[in-house]
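Enquirer: For reference, the chains in residue letters:
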Amino acid sequence: MKSKTKNRTILVVEDERPLVQAIETKLEKNGFDVITARTVEQAARYLEEINNIEAIWLDHYLPGDKTGLDFVAMLKSPDSKWKKLPVFIVSNTASNNNVRSYLRLGVSKYCVKADHRLDEIVTEIADFLDNPEK
Amino acid sequence: MNEEKKIALKLEILAREKEAIRRKLVITARQLAVTAKEKESARRSLVVTARKLAVIAKEKEVARRKLVITAKQLKKMSETLENKVLARTKDLEQIRSRTEAILTSIGDGLVVVDKDGKISYINKSFEEMLGWKSGEVLGKSMVQVVPREDQNGIKVLFEERILTQVLSGQKFVADLTNPFYYIRKDKSRFPTSSIVAPVVLGGKIVGAVEVFRDITKEKEIDKAKTEFVSLASHQLRTPLSTVNWYSEMLLAGDAGEVTSNQKKYLEEIYRGNQRMVELVNTLLDVSRIEMGTFIVELKSTNIVRLVRSVVEEQKPQIDDKKITFLSSFEDNIPLMQADPKLLRMVIQNLLSNAIKYTPDKGRVEVSLFLDNKKNVILKISDTGYGIPKNQHNKIFTKLFRADNVIGKDTEGTGLGLYIAKSIVEQAKGKIWFESDENKGSTFFVVLPLRETRK
Chain A
1 MKSKTKNRTI LVVEDERPLV QAIETKLEKN GFDVITARTV EQAARYLEEI NNIEAIWLDH
61 YLPGDKTGLD FVAMLKSPDS KWKKLPVFIV SNTASNNNVR SYLRLGVSKY CVKADHRLDE
121 IVTEIADFLD NPEK
Chain B
135 MNEEKKIALK LEILAREKEA IRRKLVITAR QLAVTAKEKE SARRSLVVTA RKLAVIAKEK
195 EVARRKLVIT AKQLKKMSET LENKVLARTK DLEQIRSRTE AILTSIGDGL VVVDKDGKIS
255 YINKSFEEML GWKSGEVLGK SMVQVVPRED QNGIKVLFEE RILTQVLSGQ KFVADLTNPF
315 YYIRKDKSRF PTSSIVAPVV LGGKIVGAVE VFRDITKEKE IDKAKTEFVS LASHQLRTPL
375 STVNWYSEML LAGDAGEVTS NQKKYLEEIY RGNQRMVELV NTLLDVSRIE MGTFIVELKS
435 TNIVRLVRSV VEEQKPQIDD KKITFLSSFE DNIPLMQADP KLLRMVIQNL LSNAIKYTPD
495 KGRVEVSLFL DNKKNVILKI SDTGYGIPKN QHNKIFTKLF RADNVIGKDT EGTGLGLYIA
555 KSIVEQAKGK IWFESDENKG STFFVVLPLR ETRK
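So the protein lines, in turn, are chains A and B. In this text, residue positions in the first sequence follow this note's numbering: the first is 1, and each later residue adds one. In this text, residue positions in the second sequence follow this note's numbering: the first is 135, and each later residue adds one.
It is worth saying that the hints were derived from the structure and are not from the lab. C-beta atoms are modelled at their ideal positions from N, C-alpha and C, and glycine is treated no differently. One thing to keep in mind: the hints can contain errors.
Claimed, not checked - Going by beta-carbon spacing under 10 Å, a handful of chain B positions derived as facing chain A: (1) T372; (2) L374; (3) S375; (4) T376; (5) N378; (6) Y380; (7) E382; (8) A386; (9) D388; (10) V414; (11) N415; (12) L417; (13) V420.
Okay, chain A solo, but in the shape it has when bound:
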């Protein structure tokens, strides 16, 4: 486990309560400050209000009208101020079309929840943030 002088803030957008709890615990144990949101609208509001968010953990299917894909499209639009913010899609909907759309939009990683250990995903995110150009 890496020791950090300063904690990184990550926004976790996930609606499944037990999963949110597990993700939050694991991320905190790995030196992250965690903000959680259940919907795209809520997440967008937090982004506006909190300015030290360094990464986003995002699910695909979310309550409300908007999916993770809509959120990423907004984040990665040409005039967005969050264009460079790394986005990690952690979802169980591995439809090929969705994966492709996410990657085309420029997300940093896509992984299927059921196929990965939680600590694997957290470590990967931490590594990515440590070496962003990799």
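Assemble chain B onto chain A, guided by the hints.
Expert: For chain B alone, kept in the frame of chain A given last:
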């Protein structure tokens, strides 16, 4: 001369003249007799001729009478025949219009072509579905009038059209697994399912009949099914992820130390859940294959490296069962055009089967070699339980598991080989095996290299 002498002389002259006349008369009489005879014979022959003529006349009369009768009969017969023909024509007309009405009213598109593939009949549904009028297409080539393309909009070549194949005497083909599309007159398209059958007359193919229908509805249902499966799998995966992550965290001591006994139980939960995840993934793969939503992404693929990494991944199982493992790879196997993810699934399935169905201390061999520089062959053999002869033909069937392994303590869904075969065939390869019960099995996969240079 005296008078007496003169008279005597005159008398003598007279007598002579008389004699001459008498002679002449005798001659004439004779001549007359001859003429009379000739006349008699002529008369007789005339009588004969007259009699003959009478006979002929009689015969003629008989013949004439006969002719009159025949003519009457002929007339009668012709009348009957005419009536019959009329009736028959009416019947035929009725049958024809009935057939026409039936063909016309068939809800499916119908086209009849001659031996050159030229259209000789189309029905109303054909006109409605494709936008062509009968008059515009009769005598034209069906293959040209109605282009056919696959899912990706790639035109089916003339020689690959079922119609062409059927007309050339190849066995009747009906490929219902790969959906294709017919292009309308206005260039729009619709998914079609069609059946083509040859028309055989006197042992010769004289044409073909094609019946096709618009399967837009079926496709929509199919799509709904795909969406349902995708959604259901999403729903299944969420609780599975919860169990996964929490047992993982418990095992990692995130909620405090666990005793070794608790750890054992947690590991069972974790493993059981892991199997469930794999099962859901496999089911997803199967539904993708069946719905044709398997997206194939061809890349330059190093198959040797792929096999090595699968072997590496399954090393723990190999070691667990103390299996002797051998591998050999031919040098210079080039990069090939393949979907590495799918290819990996094939290798994984075959290798894990070999390990799973081989008892402890058995032997598993993997080799890769080239064939004619065009194909790469993957051979995986084991000294395992083998496949009973009477089940050889079922081994690639979905959900099928051979009798001899069901009883053994092995996990399996009966989906692995089904998936492997679907992938290999999709890649235009072949898969087969040789197996003897209790001696082992050898699986072969031949894949086209579709070589790419670096």
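Enquirer: For this structure, which hints from the list above don't hold up?
Expert: 12 and 13
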